[in-house]
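Enquirer: Given only the sequences and the hints, what does the whole structure look like? Please build it.
Quick note, the sequences are listed as chains D and A, same order. Residue numbers for the first sequence follow the working numbering, so the first one is 1 and each next one is one higher. Residue numbers for the second sequence follow the working numbering, so the first one is 1001 and each next one is one higher.
Hints are computed from structural coordinates only; laboratory data are not their basis. One thing to keep in mind: the hints can contain errors.
Now the in silico label distances, taken between C-beta atoms and shown as ranges [as the list claims (entries may be wrong)]:
#1 22(D) <-> 1230(A): 17 to 27 angstroms
#2 18(D) <-> 1019(A): 39 to 49 angstroms
#3 94(D) <-> 1138(A): 55 to 65 angstroms
#4 31(D) <-> 1200(A): 46 to 56 angstroms
#5 246(D) <-> 1048(A): 51 to 61 angstroms
#6 129(D) <-> 1041(A): 18 to 28 angstroms
What you are looking at is a predicted structure, and each value in this text was computed from that prediction instead of being measured. Note that CB positions come from ideal geometry on N, CA and C, so glycine has one too.
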Amino acid sequence: MSRALSAAVLGVIYAFLLLPLVAVVAASLTAGELMRVPPEGLSLKWFQRFLASETFREALLLSLQVALTTVVVTVVLATLAALCHRALSRRLAASFRLAMTLPLLLPELLTAIGLLFFLNSIGLGKTLTGLQVAHVVIAFPFAFLAIVAALEQVDPAMEEASASLGAGGFETFRRVLLPLARPGMLTGGLFAFIVSFDMFTISLLLKPVGGNTLPLALFDFLTYDFDPTAAAAATLSVLFAVIGVVAIERMVGLRRAF
Amino acid sequence: MKRLLPRLLLGLPAVALLTLFFVLPYVEMVAMSFRAPAFGQPFGSGHTLMHYGRALGDPLYTGALVRSLLTGALITALCLLVSFPLALHLSRLQGRWHVVFYACIVSPLLIGVLVRNFGWMVLVAVDGPFNRWAMAAGLIERPVRVLFTQGIVVMALVHVFTPFMVLPIATALRNVRPELREASASLGAGAFETFRRVTLPLSFPGVQAGVTLVFVLSVAAYVTPALLGGQGIAYMPAVVVRELIGSFAWPFGAALAVIMAASTLAVVTVFTLATHRLAERTRA
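Expert: Listed below in structure tokens is the structure:
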């Protein structure tokens, strides 16, 4: 009896977690003219309309551009920082790790407000460069944690062996650490991409004049319209997340990445 | 040892990035809150305390602040209620099933808040599935309008923050060794007694971390109330953004943001001190 009850409670909670995501994907696949869950017939026409809309297409391109730049910059910085983390003593490493993850622990809104003032004071207010830097700051902790987790799997004896065989610091990095850290770097890059692609509050406060990212365009659209084009735009995010989770599980194991 | 220094230097770019574009902006926010207002531009020259006086003396702002703090507390409590069973469930699974359910819980983290809120819009729309199912089941006679109420904002935020609560609790539960539960059971404690006196206290550090994180994030949540809450209810983050983007009053907006951050910190500090005893007991 109590077993059945606890199974039912768990079922409701898991449904609560997953239903909104299922609803988004289902609504985007409808063949009808209205937002309907379950969909009325299946078609991909709302994805075509999404891509045919100039507003959405421009926003999508800007989002992809910002997200890809974020990936490159973030992964390089986070890999270097993770190597530094590895060299620190236990105590120092814990403090360093906390400092590096602060942008994740403080509310995005406060960081956005601070950056709005600061970027303006150094002449980067309302510019693409400013927005780009902000995305890197917010995405950085995700990549850092993933790479640190991957490097923790590397036995320090490997580095010592490499050094004792006469390899220099860079040689050891290139031939021992880098190949072993690669799954972590890929995971970190994926995280950085997804975080940047979905970022809303930062982009709202810091967007360049006339430059909307996809989440901003979706928000604007939703304040006036409610048709499945919005679901098609949102389904892109769900799709990236699913690809991300599967890829991460394959490469390093989900458990280690979070 | 001589190779240590170059390794430490590798951290410099990241430290520089975060100092310049994370620490300094927070300093700038506090500094901005003391600047004089001006017409036609975001802020003037000179310094003043007037923004704090204005914000704390007007029930419009203090009301929004109190509402945000109370709603944040409610969201945190509901998150805890939803997350504990999930964390317990995770801690008892092994192998493949563990990965599947773990993925169910963490994958929403990789989907933007906006998209997850939009999912709720679809579900609770007047002609949406929830209303149709409830009508078909005879629970309601005509569709209920849920959108733009406080209830849906709270529910959507609980949905957004649940993973942040589950992860620390699940980590803490992993450290509760099964032998302890078995020992408790063999000493004659029932399932509930064992839960209350062994599992719950031992997982408390995770609860404390999760509660702090969810409270801090939910008080400052902007998107969800803006999208699902409509114009009727004013929460602090929306008020701050309106001052900054709408009215272009940067110093006043900054003062409101500092007040919001300081009150959140005060609540977290009180919570940490109040639960200090409980946490200490677990560590011993």
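Enquirer: Let me make sure I understand: some of the numbered hints might not hold for this structure. Which ones are they, in numerical order?
Expert: Going through the list in order, the structure violates no hint and respects every one.
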